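Kindly generate the complete structure, drawing on both the sequences and the hints.
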Amino acid sequence: MKKFITTTVALVTTLSLALLLGTGPVASSGCNPVNGHLVEDLVPGPGFQTAGRFWGAIQGTYEFTLTSASPTGDPTISTVVHFVGHSTVRTRTGDLRFTEAGALDTAGVGNYADLMTITGGTGAWATASGQIHLMGFFSGASGHGEGDYRGEVCGG
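Sequential numbering from 148 applies to the sequence shown in my numbering.
Think of the hints as simulated: they come from the structure by calculation, not from any bench. A couple of the hints might just be wrong.
Have a look at the derived ranges for each label pair, beta carbon to beta carbon [unchecked claim]:
(1) 178 <-> 225: 36 to 42 Å
(2) 219 <-> 273: 20 to 26 Å
(3) 301 <-> 194: 29 to 35 Å
(4) 301 <-> 253: 33 to 39 Å
(5) 289 <-> 207: 34 to 40 Å
All of these numbers come straight from a predicted model, not from anything done at the bench. Glycine is no exception: its CB is placed at the ideal position from the N, C-alpha and C atoms.
What follows is the structure, encoded as C-alpha cells:
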C-alpha cells in the first residue's frame with residue numbers, strides 16, 4: 148500500500164509540474180520570441196491610416212489601414228471601440244503582413260490592446276506565421292501613438 152501511495156504522489160507531482168511548466172503547445176523549431184516598440188502617426192487623407200516604425204526584434208517601417216470599427220455596445224465602457232485592420236512591416240529582408248484586431252479606448256490617452264496575426268510575407272518572411280500582441284496608446288487629438296509588442300514569429 149505504501150508503494151502505491153508513493154507512486155501515486157510521484158505521478159500526480161510529475162503531471163502537475165508538466166501542466167504548470169508547459170500548458171501551451173510546444174514551440175516548433177524555427178519559432179522565435181519577439182518584442183520591441185512601435186511609434187506611429189496618423190496619415191492625412193481618406194479613411195484611417197497610420198505610418199510609423201517598429202523597433203526591437205522586428206525592425207522596419209509600419210503601415211496600418213483600418214477596415215472596420217464598432218462600439219462595444221456595453222454602456223459601462225461606451226468609449227471603447229473594437230477595430231480590425233491590415234498592416235505591413237517593411238524590413239530590410241522583406242515584408243510581414245498582418246491582420247489586426249483590438250480595442251481602443253477613445254477617452255483619455257487612448258489606451259489600446261491589439262492582436263496582430265501574421266497573414267503573409269515576402270523575402271525572408273515568406274513562410275512566417277505567428278501572432279504578436281501590442282499594447283499602447285493612440286491619441287486622437289495629436290494623431291500620435293506608441294506601444295510595446297511581444298509575441299512569437301515562426302518560419303520566415
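Now the hints, each set against the structure:
{"no.": "1", "hint": "178 <-> 225: 36 to 42 Å", "in the structure": "holds (39 Å)"}
{"no.": "2", "hint": "219 <-> 273: 20 to 26 Å", "in the structure": "violated (37 Å)"}
{"no.": "3", "hint": "301 <-> 194: 29 to 35 Å", "in the structure": "holds (31 Å)"}
{"no.": "4", "hint": "301 <-> 253: 33 to 39 Å", "in the structure": "holds (34 Å)"}
{"no.": "5", "hint": "289 <-> 207: 34 to 40 Å", "in the structure": "violated (23 Å)"}
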